[in-house]
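Make the full structure from the sequences, and use the hints.
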Amino acid sequence: MNKKGEEAINFIPFLFLIVVVTGAIVAGVLAFFGSGYDPRASEAESLYRAVSNCVLEQGELIFKEGFEICGFNEEVLAEEHLVLVEYLENRKLIGVFDYSNQCYLNGDDLPVCIDGEVKGFRILVGTNQRGERI
Amino acid sequence: MKKKGQFNTQLSKNIMYILFFLVFFSALFYFILRYQNGVVVWEEFYASEIANLINNAEPGSEIILDVSLATELAFKSGIRDFNSIFNFNNEQNIVSVTLGKSGGTSYSFFNNVEVREWRVEEAYQGTEINRLVFLIGEKR
Numbered sequence: 203m204n205k206k207g208e209e210a211i212n213f214i215p216f217l218f219l220i221v222v223v224t225g226a227i228v229a230g231v232l233a234f235f236g237s238g239y240d241p242r243a244s245e246a247e248s249l250y251r252a253v254s255n256c257v258l259e260q261g262e263l264i265f266k267e268g269f270e271i272c273g274f275n276e277e278v279l280a281e282e283h284l285v286l287v288e289y290l291e292n293r294k295l296i297g298v299f300d301y302s303n304q305c306y307l308n309g310d311d312l313p314v315c316i317d318g319e320v321k322g323f324r325i326l327v328g329t330n331q332r333g334e335r336i
Numbered sequence: 181m182k183k184k185g186q187f188n189t190q191l192s193k194n195i196m197y198i199l200f201f202l203v204f205f206s207a208l209f210y211f212i213l214r215y216q217n218g219v220v221v222w223e224e225f226y227a228s229e230i231a232n233l234i235n236n237a238e239p240g241s242e243i244i245l246d247v248s249l250a251t252e253l254a255f256k257s258g259i260r261d262f263n264s265i266f267n268f269n270n271e272q273n274i275v276s277v278t279l280g281k282s283g284g285t286s287y288s289f290f291n292n293v294e295v296r297e298w299r300v301e302e303a304y305q306g307t308e309i310n311r312l313v314f315l316i317g318e319k320r
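For the record, the sequence lines run as chains A and B. So the first sequence is numbered by the numbering used here: it starts at 203 and just counts up by one. So the second sequence is numbered by the numbering used here: it starts at 181 and just counts up by one.
You may find that some hints are simply not true.
[Stated by the list, open to error] In silico DSS-like pairs for lysine-lysine, Cα to Cα no more than 27 Å straight-line:
hint: 1; chain 1: B; residue 1: Lys319; chain 2: A; residue 2: Lys266
hint: 2; chain 1: A; residue 1: Lys294; chain 2: A; residue 2: Lys266
hint: 3; chain 1: A; residue 1: Lys294; chain 2: B; residue 2: Lys319
hint: 4; chain 1: B; residue 1: Lys281; chain 2: B; residue 2: Lys256
Calculated directly from the structure, the hints in this document are not laboratory data.
Here it is, written out as C-alpha cells:
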C-alpha cells in the first residue's frame with residue numbers, strides 16, 4: 203500500500219542528493235572565483251577622512267546640527283555603517299551602534315573600522331557594505 | 181498489472197520530481213553563468229570603486245574613467261548598449277553596474293551629491309578605450 207507519508211519519506215533522499223550536489227558546485231565556483239571584491243577598507247578610509255574634515259570645519263556644531271552639515275546622506279549611513287564622534291561629554295552617532303563593539307573583534311563578516319582622534323575629538327567609523335545583488 | 185489510476189499517480193509523481201530537479205538546477209545554472217568571466221566580481225569592483233570616487237568628489241567635478249574591460253565583458257554577455265551598464269539613482273544614492281543580461285550589483289555612496297549627465301563614450305579619440313564620464317553636482 204502506498205501511503206502519502208511513504209511518498210514524503212521517499213522524497214527526502216532525493217532532496218538531500220540535490221542539496222549536496224548543488225552545495226558542492228556552489229562551493230567549487232566560490233572557491234575558484236573567490237568570495238568577491240571587498241571594498242570595505244577603502245570605504246572606511248574615505249568615511250574617516252570625510253568625518254575628520256567635517257570635525258575640523260564644523261567642530262562642536264556637529265553635536266547640534268547632526269551629520270547633514272558634513273554633506274552626508276543619513277539614510278545611507280543608517281544601514282551597514284557607523285559614524286561615532288565624541289568630544290568631552292558630547293556624543294553623536296549614526297548607523298549600527300553594535301558596530302562599536304564588533305569593530306574590535308576579528309572575523310570576515312564583521313565591519314571594517316577606523317578609530318582615531320582629531321583635535322581631541324574621538325572618531326570611530328565602520329562599514330560592512332559589500333554591494334547588493336539586484 | 182498496474183491499473184490506470186496507479187499509473188497516473190506514478191507519472192504525476194515522476195513529473196513532480198523532474199520539475200523540482202529542473203527548477204533547482206536552472207537556479208544553479210544561472211548562478212554559474214553569472215560567475216562566468218568573473219562578471220560578478222567585476223560588477224562589485226566597478227560599483228564600489230565608482231561609489232568611492234563619488235564619496236571623495238566635490239560638487240562641480242567631472243569624473244572620467246576607463247571602463248574598457250567592463251564594456252568588453254558586457255559585450256561578451258550580449259549587451260550592445262553600453263550606456264545601460266552603469267546607472268545612478270540620485271534619490272537613494274546608489275550606483276549600479278550590470279555586466280550581464282540581467283541582475284547586477286548596486287552600491288551606496290554616503291556623499292550627499294548628485295550624479296549628472298553620465299554616459300559611456302565609445303572608442304575615445306579613435307582608440308579602443310571606452311570611457312565613463314559623469315558630473316558631480318549639488319543635490320537638488
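Hints, one by one, checked against the model:
Between B:Lys319 and A:Lys266 the CA atoms are separated by roughly 22 Å; this keeps the pair inside 27 Å, and the hint holds. Of the supplied pair hints, the one linking A:Lys294 and A:Lys266 holds, its CA atoms being roughly 9 Å apart against a limit of 27 Å. Proximity of A:Lys294 to B:Lys319 is assessed by CA-CA distance (about 24 Å); at most 27 Å being required, the pair is judged to hold. Taking the CA atoms of B:Lys281 and B:Lys256, the gap is near 10 Å; set against the 27 Å cutoff, the hint holds.
In terms of the numbered hints stated before, the structure departs from none.
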